[in-house]
Every structure is written in structure tokens, then in C-alpha cells.
Amino acid sequence: MSAVTATISEDKMDARTKPATPDEGARLGFRLTLPAQILVLFISAFPLLMQLYISVTDWSPLSGVGWWNAWEMWNSFANYTDLAADTRFWSALQRTAIVMLVCVPAEFLLGLALATLFADDFPGKRIFYSILLMPMMVVPAVAGYMFFMLFQSGGPVNDILSRILGTPVTIAWLSDPNLALIAVMIADIWQWTPLMFLILLAGLVGVPEDQMKAATLLGANAWQRFVTIVLPKMKTIIIIALAIRVIENFKIFDTLYIMTGGGPGVATETISVYIYKVTTQDLIWGYVAAIALAILIVLSIVAVYAMKRMAKAREVPA
Amino acid sequence: MSAIHLHNLVKKFGDFTALKTMDLEIADGEFMALLGPSGCGKSTTMNMIAGMEEPTSGRILFGERDMAGVPMGRRGVGFVFQNYAIFTHMTVRQNLAYGPRMRGAARAEIDRRVGAIAEMLQLSPLLDRKADRLSVNILQRVAIGRSAIMEPAIFLLDEPLSNVDAAFRAVMRTELKQLQRQFRQTMVYVTHDQLEAMTMADRIAVMDHGVLQQVGTPLEVYNNPANVFVARFIGAPGMNLLKGRPAESDRGLVIDLGPLGVTPPLPDELASAVRAVRGDVLYGFRPEQVALAERGLSMPVSFVERIGARTIVHLGEDESAVKAVFENDVGLSVGQTAIVAPPASSVRVFDAATGLAVGPG
Numbered sequence: 001m002s003a004v005t006a007t008i009s010e011d012k013m014d015a016r017t018k019p020a021t022p023d024e025g026a027r028l029g030f031r032l033t034l035p036a037q038i039l040v041l042f043i044s045a046f047p048l049l050m051q052l053y054i055s056v057t058d059w060s061p062l063s064g065v066g067w068w069n070a071w072e073m074w075n076s077f078a079n080y081t082d083l084a085a086d087t088r089f090w091s092a093l094q095r096t097a098i099v100m101l102v103c104v105p106a107e108f109l110l111g112l113a114l115a116t117l118f119a120d121d122f123p124g125k126r127i128f129y130s131i132l133l134m135p136m137m138v139v140p141a142v143a144g145y146m147f148f149m150l151f152q153s154g155g156p157v158n159d160i161l162s163r164i165l166g167t168p169v170t171i172a173w174l175s176d177p178n179l180a181l182i183a184v185m186i187a188d189i190w191q192w193t194p195l196m197f198l199i200l201l202a203g204l205v206g207v208p209e210d211q212m213k214a215a216t217l218l219g220a221n222a223w224q225r226f227v228t229i230v231l232p233k234m235k236t237i238i239i240i241a242l243a244i245r246v247i248e249n250f251k252i253f254d255t256l257y258i259m260t261g262g263g264p265g266v267a268t269e270t271i272s273v274y275i276y277k278v279t280t281q282d283l284i285w286g287y288v289a290a291i292a293l294a295i296l297i298v299l300s301i302v303a304v305y306a307m308k309r310m311a312k313a314r315e316v317p318a
Numbered sequence: 001m002s003a004i005h006l007h008n009l010v011k012k013f014g015d016f017t018a019l020k021t022m023d024l025e026i027a028d029g030e031f032m033a034l035l036g037p038s039g040c041g042k043s044t045t046m047n048m049i050a051g052m053e054e055p056t057s058g059r060i061l062f063g064e065r066d067m068a069g070v071p072m073g074r075r076g077v078g079f080v081f082q083n084y085a086i087f088t089h090m091t092v093r094q095n096l097a098y099g100p101r102m103r104g105a106a107r108a109e110i111d112r113r114v115g116a117i118a119e120m121l122q123l124s125p126l127l128d129r130k131a132d133r134l135s136v137n138i139l140q141r142v143a144i145g146r147s148a149i150m151e152p153a154i155f156l157l158d159e160p161l162s163n164v165d166a167a168f169r170a171v172m173r174t175e176l177k178q179l180q181r182q183f184r185q186t187m188v189y190v191t192h193d194q195l196e197a198m199t200m201a202d203r204i205a206v207m208d209h210g211v212l213q214q215v216g217t218p219l220e221v222y223n224n225p226a227n228v229f230v231a232r233f234i235g236a237p238g239m240n241l242l243k244g245r246p247a248e249s250d251r252g253l254v255i256d257l258g259p260l261g262v263t264p265p266l267p268d269e270l271a272s273a274v275r276a277v278r279g280d281v282l283y284g285f286r287p288e289q290v291a292l293a294e295r296g297l298s299m300p301v302s303f304v305e306r307i308g309a310r311t312i313v314h315l316g317e318d319e320s321a322v323k324a325v326f327e328n329d330v331g332l333s334v335g336q337t338a339i340v341a342p343p344a345s346s347v348r349v350f351d352a353a354t355g356l357a358v359g360p361g
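Line order of the protein sequences matches chains A and B.
Here the first sequence stands for residues 1 to 318, numbered as in the working numbering.
Here the second sequence stands for residues 1 to 361, numbered as in the working numbering.
Treat the hints as calculated values from the structure; they're not laboratory data.
Careful: at least some of the hints might be erroneous.
Distance condition first, Cα-Cα at most 30 Å in a straight line; then the derived DSSO-like pairs of lysine-lysine [claimed, not checked]:
| # | chain 1 | residue 1 | chain 2 | residue 2 |
| --- | --- | --- | --- | --- |
| 1 | A | Lys213 | B | Lys20 |
| 2 | A | Lys233 | B | Lys323 |
| 3 | A | Lys213 | B | Lys12 |
| 4 | A | Lys235 | B | Lys130 |
| 5 | A | Lys233 | A | Lys312 |
| 6 | A | Lys251 | A | Lys235 |
| 7 | A | Lys213 | B | Lys130 |
| 8 | A | Lys308 | A | Lys251 |
| 9 | A | Lys233 | A | Lys125 |
| 10 | A | Lys308 | B | Lys130 |
| 11 | B | Lys130 | B | Lys177 |
| 12 | A | Lys125 | A | Lys251 |
| 13 | A | Lys213 | B | Lys243 |
| 14 | B | Lys177 | A | Lys125 |
| 15 | A | Lys213 | A | Lys277 |
| 16 | A | Lys308 | A | Lys233 |
| 17 | B | Lys243 | B | Lys323 |
| 18 | A | Lys312 | B | Lys130 |
Here chain A is said to cover these stretches of chain B; the calculated rule only asks that three of the stretch's residues, wherever they fall, bring their Cβ under 8 Å from a Cβ of chain A [as the list claims (entries may be wrong)]:
| # | segment |
| --- | --- |
| 19 | 75 to 84 |
| 20 | 99 to 110 |
C-beta: ideal position from N, C-alpha, C; glycine also.
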């Protein structure tokens, strides 16, 4: 009993004699998180600075000098001027953009349709739900190999098409320069629609039910409710979902590389595949650093834009 | 405007019966409160009137029109939700304009109607405010306005005051009652708060466990409860009920309350009705009508609650507990014995077996 009273009075004393000002609290917080901050700074800032440094040199691991001595091979921004004139780079960038412009909207629309379907109850929902999420859990390299097998000219895809059409179909999906990119995009849509579905479903079930009922009572039909209530309420989450997929899709690599290796020729060579080839085959690391930096800048612009839109959506829900 | 007729309305959710054969007539322009504890079926009844749920059996008619199969968007009912269900991502103007807009009204027409309704509800200065930062009384007005703009024949209100703090409820009640006078629509108001029902409603339908217990004006259900449930539920605190056995005495019919002694004789009309009851009865009287007397029921004081304007004295205990409410402080303290007597005219008697009121009522 007396011990308890003592503790209480001590606490009271403490509170009276040492008022924690917000300033003091902030300083203490800073000191406590300092080690973690230094670590984060090191692992994010250091590679960035190193990359920036190497990108203005001709350095490569075979050049015989340590990367810190790369200044000896200073090439006065030649990597960047080369990049501007590198048609293989620009066509890879264009291809990446095409993949993104097809895949992300397709994944979004499919995901939204599925989420709308799953927002209501129907028999077997839980089983379908599990099946639907499975592609997301497959290791991308495995998915790549799976689609590699599916799209073989004697593979299941052609087999199914033959049965439907009634005549033998032998499309060389992965070795036709026009079709290879389509096959790659199908694989990406298969694998990443579930993620979109999952995020959008979370947003959809968060739409207040009574507001939906109120809209119904006021005479809004299903489509009007979707446009006037559901979409505005989901705005923030839609921006998040799109931003995640745009950034991820821009870096598309593993599935694609296993399916086509960027080929035939350069028909499916996206920016990541191009960087990989320059790094491992041509070994010009200074140039690689320059490409990677250029892409980082592009993606940063996307991210900043998305975050601005999100802040706006939250501030003035239209 | 429209009257509402509920005929043999039944609602079952699987094995659970939420509503057992409800019959209720709500007159055109009437303010009807559905009152009862949670789970009594009042919200289920309202949801069926609104068309959010289909009755398991029975019929709902608006005037002459049978509502079976009419979707909720076409019933012409205004619905005010418990939390108002205001579209928080829109402005007040967009909220008010929602109904006409969804039905494709012309822009000029919408503007005119929104202007008129906003004027009536004193929302004009707030039209361009975002709806997510409004106080509750404004939200209530927006919710009513949003429904009223559709000129519904029937207004349904689902416990609209339950999220409002106690101090503000009185203001909201007054406002709501005024709005009803303005619109003159048939209103059905669901609540578990008897104060709301008593102050606003023309008539009250008291419900419990899916059964309609009594329908009547606030004073009818207060003064002449149809059964034990209504007697206990209406009033704060509820009616005192003491178990006893009718007995003849030289002064007339009295109730023998066992250890508490016998009651004063019952009035003649009530006495003749009570004589017809076989078995025990419940002797009931309102705590507010108890007076201290020379002769009457002698009971020990077990607890005294002083709440300012009123004093609630708890007398006796367990089976024979009685509460007495006095306007002013009384000189009673725990341990003392009080002699209380309800005026003969305010005594109500219930059949202990059936729970139903006995007598002229």
C-alpha cells in the first residue's frame, strides 16, 4: 500500500518538475531514432551517390581500378549524351510504356470488376477468393516458366485454340516478334490482377453501406450509385493501386526474361531487360548507372504526382 | 401524403422470428413512434415499410396501394438514417440535389427545388459547405431536406437522435417536431427512448419481442398501459407492480399483498372487473403518484436518490420493491419506515397470469 502511494507521488512530482515541452519531446525522439536514421540514410543515399559518381565515368569492373578511383576515367557526361542517342534505349522505353499502358488499365478494370462481384455474397465465394489470389503468390520466375510452357507452339494454349477452332493451330507465340509481347502482357495481367483486386476490394467494402442505401432510396440505380458514391469514396485507394502497379510494371523483368529473354531479337526488350543485358553482357557499368538514374527520375515523377493527387483527393473529396 | 396499413406482417430471419403478426394503422399525416427496447422488431418493421426488407408474410399498403414487390427507390418514402448517411464527399447542395439529379430533373428545376428546401430548412448559407464538417443538427436538417426534396408521402426516421449528446437532444426534438408540422407528412419514428416518443409522437406503438403491445396516444400508454410490459417500460422509473390476491373487506374489494398488508379499497368500477379475475393480480401505480399518508402501505426505506428537481425513494426490496418519486426533497432516510398510499384513481390492476390490464382501463 505504502509503496503504491510512493510511486504515485513520485510520478506526480516528476510531472510537475519536468514538463516535457513538445520541443524536448521532438529532440528525444530524434536522438532515439538516430541510429536507425543513419542506417536508412546509408543504404538509400550511399548507392545513389555511388551511382551518380560512376555514371559520369567509363568505369567497369574489368577496368582494373576500384570504383572509388573511377574519377580517373571521367568522360565528361558522355554516358548521358550517348543515352540520348541510344535508339535501343528509347525503343526499350517505348516498349515498357506500351506494356504499362496495356497491363495496368487491364489489371485495374478486371480487378475492379472482380472486386464489385466479391463485394456481394454468392455461393462458393471463399473458394473462388482463394483461387483468385493464387497467381499473386506464385514466384514470378515460376510464373514465367509456366507461361513459357503454355505458349509453346505445341503447348496447351494452341491446343485449346485448335479445339475451339476445329483446325490445328500452331502459332509460334514466343518466337513471333509481334505476338511475344502480347504473351508477356497476358502473363503479367494474370499474375497481378489479384493484387489490384485485393486493394480495390478493401476500398469497396469500406464504402458506407447506409450511404448506398440512402442513394437507392433517393432513386439512384446501380450504375448511378457506382459513379456518384463508390468511385468518389474509393479515389484515394484507386490512386494507390494504380501507383503501385505503374511503378512495379515499369520494372517488369523476371517473368518476361524467363519467357522470352527479351527476344526474339529485341522484340520484348523492356528497360529492365536492357539494363540487365548491358550490365552482364557489355559490362559498361558507367553507362548502366546513367540509364538507371534516368529511370529513377521518371519513376520519382510518377510517385510525386500520385502522392500529390492523393493529398488532393483526401483534402477535397469531390 | 399517405396512410400506412400493416396487415398480419411477419418477418423471420431463418429460425428467428423478428416480427410476429403485426397489425397497425398509421393515419395520413400522423406522427407515429415505434417504441421498444432493442431487438423488439421496430427497426425491422420500418425497414419493411421502406422496402429494404421483404416481409415473410403479410401486406403493407400505402393508402390503397399494395407495396409488395415495389423496390425501395420507387416507394416514395423519405428515410432518415440513424447516423444520417449524408454523402460526406459532397457539398450540402449536392446532397440536397442528389434525388432530383438521379431522376434526371432539369438543371433549372433542381436549382429551384434545392433553393426552396434550403430556404425552408435555413440551410441557404451553408449550401456550398462540404458535408463532412457539419454539426449534427445541420446534418439532421440536410438528411431531412435531402429526403423532403423528393416530396415523399411518408417519412421514416430511424433513431435519428441516438448519436446526439443528451443536452442537445431537447433542441433536436423541438426542431424535428417543428419540421413535421411544416411538412405535414406521415412520419414513422423508431426509437428506444420513451422521452422522444412521448414528446413528439401523436401516437405510440409499443413493441417487445416482435409483438405489438399497445398503440395509443402518449398519455394513453402512460396512464392506461395495456399490459405489464408497457407499464414497466413507459415512465422513468416504470410503474410499481406488487403481487397480491383480491380479498373482500367491509370497505370493499382490497388486494391482500401478504406481508405488506392490504391495500386501500379499489374504486367500484375497477373492483367489479377485478372480481372476475381468478388467481393473483398485480397491483400497479405510478411512482410519481405516490404520496406519504397516515394509512397505507408501510415499507422500509432502502435507498434515496436525490437528483435535484426530484427525489426517488426506493422502498422495500426484491418482490415487494416500490419506487416513489417526489417533486421536492422529503425527510426520509435509509432505515426509516414510510407509509405510502397511491390515490385510488391512479391504481391499475393486471392479471398476474396473463400480464394484461384488468378493468375499465
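(message) Need the list of violated hint numbers for this structure, in ascending order.
(response) Numbers 2, 12, 13, 14, 15 - these are the hints that the structure violates, sorted from lowest upward.
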